[in-house]
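A.B. asks: First to last, the sequence lines map onto chains A and B.
If you're matching positions, the first sequence starts at 5 in the numbering used here and goes up one per residue.
If you're matching positions, the second sequence starts at 5 in the numbering used here and goes up one per residue.
Quick caveat, the hints were computed from the structure, so don't treat them as lab data.
Computed from a prediction, not measured in an experiment: that's the story for all the values here.
Certain hints may be false.
Note that the list lumps identical chains together, so a pair holds whenever it fits in one copy or between two copies.
[Claimed, not checked] With a straight-line Cα cutoff of 20 Å, these simulated EDC-like cross-link-like pairs (lysine to aspartate or glutamate) come out:
| # | residue 1 | residue 2 |
| --- | --- | --- |
| 1 | K346 | E243 |
| 2 | K195 | E360 |
| 3 | K298 | E243 |
| 4 | K395 | D270 |
| 5 | K46 | D338 |
| 6 | K77 | E360 |
| 7 | K77 | E368 |
| 8 | K298 | E249 |
Given next are the chains, with one letter for each unit.
Protein chains: 2
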Amino acid sequence: MLTKNKDIAIAGAGLVGTLLSIYLKKKNYNVTIFDRSEDIRKVKFSGRSINLAMSTRGWYALDEVGIGDEIRKIAIPMDKRAIHLKDGSLSFQPYGINGEAIYSISRGGLNRMMIDLAEKAGVNFEFNQKIWDVNLDTATLYIGENEHGPFEQRQFDHIFGADGAFSRIRHRMQRQNRFNYSQFFLNIGYKELTIPANEDGSHKIDPNSFHIWPRGEFMLIALSNDDGSFTCTLFMPFEGANSFEEINTDEKVTAFFNEYFSDTKDLIVNLKEDYFSNPTSSLVTMQCYPWTYKDKVALIGDSAHAIVPFYGQGMNAGFEDITEISDLLDEFPDDIETVFEKYQEIRKPNADAIAELSYRNFIEMSTKTADVDFLLQKKIEAWFTKQHPDKWLPLYDRVTFSLNPYQDALAIGDLQKKVMEDVMQLPDIHENWQTKEVEKHILDLLDKNKADI
Amino acid sequence: MLTKNKDIAIAGAGLVGTLLSIYLKKKNYNVTIFDRSEDIRKVKFSGRSINLAMSTRGWYALDEVGIGDEIRKIAIPMDKRAIHLKDGSLSFQPYGINGEAIYSISRGGLNRMMIDLAEKAGVNFEFNQKIWDVNLDTATLYIGENEHGPFEQRQFDHIFGADGAFSRIRHRMQRQNRFNYSQFFLNIGYKELTIPANEDGSHKIDPNSFHIWPRGEFMLIALSNDDGSFTCTLFMPFEGANSFEEINTDEKVTAFFNEYFSDTKDLIVNLKEDYFSNPTSSLVTMQCYPWTYKDKVALIGDSAHAIVPFYGQGMNAGFEDITEISDLLDEFPDDIETVFEKYQEIRKPNADAIAELSYRNFIEMSTKTADVDFLLQKKIEAWFTKQHPDKWLPLYDRVTFSLNPYQDALAIGDLQKKVMEDVMQLPDIHENWQTKEVEKHILDLLDKNKADI
């Protein structure tokens, strides 16, 4: 095999970098991962992370390289949303039409396990190595203590930039003429809070639910960890009413949580400490193109397409990049330039689609999950899908529980939205939705829209 | 006056920087302009510029500070488009419904005159001074031979970044958290060509027309200069059929121009030399926010909002920034932070609107100007406007010959587009457009849309 002795560098020992390394190692490349930080296995990881929700695309990429079952050991299935209303009442909304689950995993826990698995596969790790620049034409990394050198130069056959939303590899690519780039920050920030385990190590609330406290302009979520704790995330505007700027004293935090999240009082026991010691982080959508340079450099994961977390697809989308690269490497093992070219052409529209869907989904999570019409619509969709699985798959299911391209999910989802807006206008729809008339109405609308869904 | 002794630095001695300096000088600020290049008055300026089209917003800003008449001396009015079809035939389309003209000015000529006028007003110029960085909190510029220092530090009370689409001042602002930024390149590039003057100094073709050779995917334009020459610009895709990549030999250039621009044969006399010695430049839309930092730093013109040239509004939009800043300085002379805050809030949506309109206008120039329906639509709009000047002003006129905010022009233009799409569907519209029925139909549509236009 011609590729046997090729040297590949990966910038970034995060989730995408480590999984990619395992794939490449299996294809007989020599792989070295550089990371600017200390080995995460030796340090505490906490304070600014949102728990991961692994779904079908992620599991597919893990299973294909044979490590899915290992990861399942630290994953907790969540088959429903648990909606905590302001009055303290609780209701549940199943995720998949067939009872499918997404899986809660702590980012730190998964990252540590992935590094272990990559090391076992024979990947070289170089931690505390800061990459500042790259020569695109020669695939040479410039590594040093600070941005102004001196640099150690390390040359490779190919380089992957898996170094996240603020990628240094991309930073160099951005300086090329005709490089398209955008970064767009939400006015909403987030802060990590914690629900610790009970003394016996059990969970204080249902670990198999994705907990949401939807409050419109802001919301709280909680995802379970396998040590009995929950990682909570408070999403809230930076400025204005009910904002991080406004809620800035012990008294205000207490009053705010008493008013809006009263049922968390005995759960987030270190509320004030968490709130003031954890940072407030920002949320960015980053899009760019091209993603690759000749056969030398390719961006992958967040460095190519950073998205907001509201569809739980950031990691899943990054893992799907790897699936695509792997398939292309099998198809064109001796032509990396073609692999890179096709990779970016195939993945770019899908990355843009999931960016758009993720951006939209804040409204769904923070507002619609508490809305009667939205819940009915979900029910009608699930019911219709059961009758006509060949004609309908709800958007959430297509994104989360299928391998359909994201760009198809976006397009079909927009069509379904139009159909359902019409259906929800039918008289007495809240009383009479499970009828032949409604079924026929949907079929007619689909037919009229010549929808191939 | 409290502001009398304040020191202001402007990065960039281009059109916006110099006009701003004249305004600030009149308000009794001390003003220093830094430019990284040699004084443009001492060097040849050519090879990669598109002639300017000064219109109402630009003239307003020049007249308000009393230099409009000086500039008019080098400006040539163009009251119509001259459309050169592929078969060699020529037709004319008036620009304004009242015979208004836009004005052709060479960028180099205007820039030289503006520097003269600024110097006369008492502005200090420091040429060959490269700004690499800025301390936002202290309004300190870092000036030096190269990016890595050593730097001379120069502190001011306020700094304006008028240093263009690739602004170094903005580069520092981009590194702040929550700074929104996008750069998007067209797949179309451009190249400057020249129609020299006749031997007696006269123009070879009508100097009072904006000449367009619309060819769909590509186009040629020509704007007159006051020395009898024309600056031509060829817009064409970078890659693909009829592209800069494809047209890459003497023979291909000749054949391409013979086929598509046959009537330019005796005009662009140094075609091959121009084509191969002048660079192919790219076209970028750059958007960002915020534009200002406290009372210390403000971006203005292209550094805040670079747009593609197809509406002829780049300079006009930059000059309108100055009008706004000037008005705000008069209103809040002792509160620059408020001036900067209101400036960006007012101008940002207008900058976004003209970016969108400019992007769309390539299609209008390159395709629709040769389209029968488009020409009829223009005629109907002009006719209706004459009857109901209080109810209709065509989009082009609103953008070019009015001071109405760009964001209103975009919104009203979209509404007018809907109305005209409906009108163009009327039976026999090509034969019977000047009728009471059509007039009433438009009135009804406007009424239905409750349009305040």
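A.B. asks: For each hint, tell me whether it holds in the structure or not.
C.D. replies: Checked hints:
In this assembly of identical chains, K346 and E243 lie within 20 Å of each other by CA distance solely across copies; the values are 18 Å between and 43 Å within a copy. Taking CA atoms no more than 20 Å apart as the test, K195 paired with E360 passes in neither setting, with 23 Å inside one copy and 36 Å between copies. For the homomeric pair K298 and E243, the shortest alpha-carbon distance between copies (17 Å) is at most 20 Å, but the shortest distance inside one copy (44 Å) is not. With identical chains, the CA atoms of K395 and D270 are never at most 20 Å apart, being 46 Å at best within one copy and 63 Å at best between copies.
In this assembly of identical chains, K46 and D338 lie within 20 Å of each other by CA distance neither inside one copy nor across copies; the values are 38 Å within and 55 Å between. Neither within a single protomer nor between protomers do K77 and E360 lie at most 20 Å apart by alpha-carbon distance, with minima of 32 Å and 51 Å respectively. In this homomeric assembly, K77 and E368 never come within 20 Å of each other (Cα to Cα): the closest approach is 31 Å inside a single copy and 60 Å across copies. For a Cα distance limit of 20 Å, the shortest separation of K298 from E249 across copies, 18 Å, qualifies, whereas the shortest one inside one copy, 46 Å, does not.
Checked against the numbered hints given earlier, this structure breaks hints 2, 4, 5, 6, 7; the rest are met.
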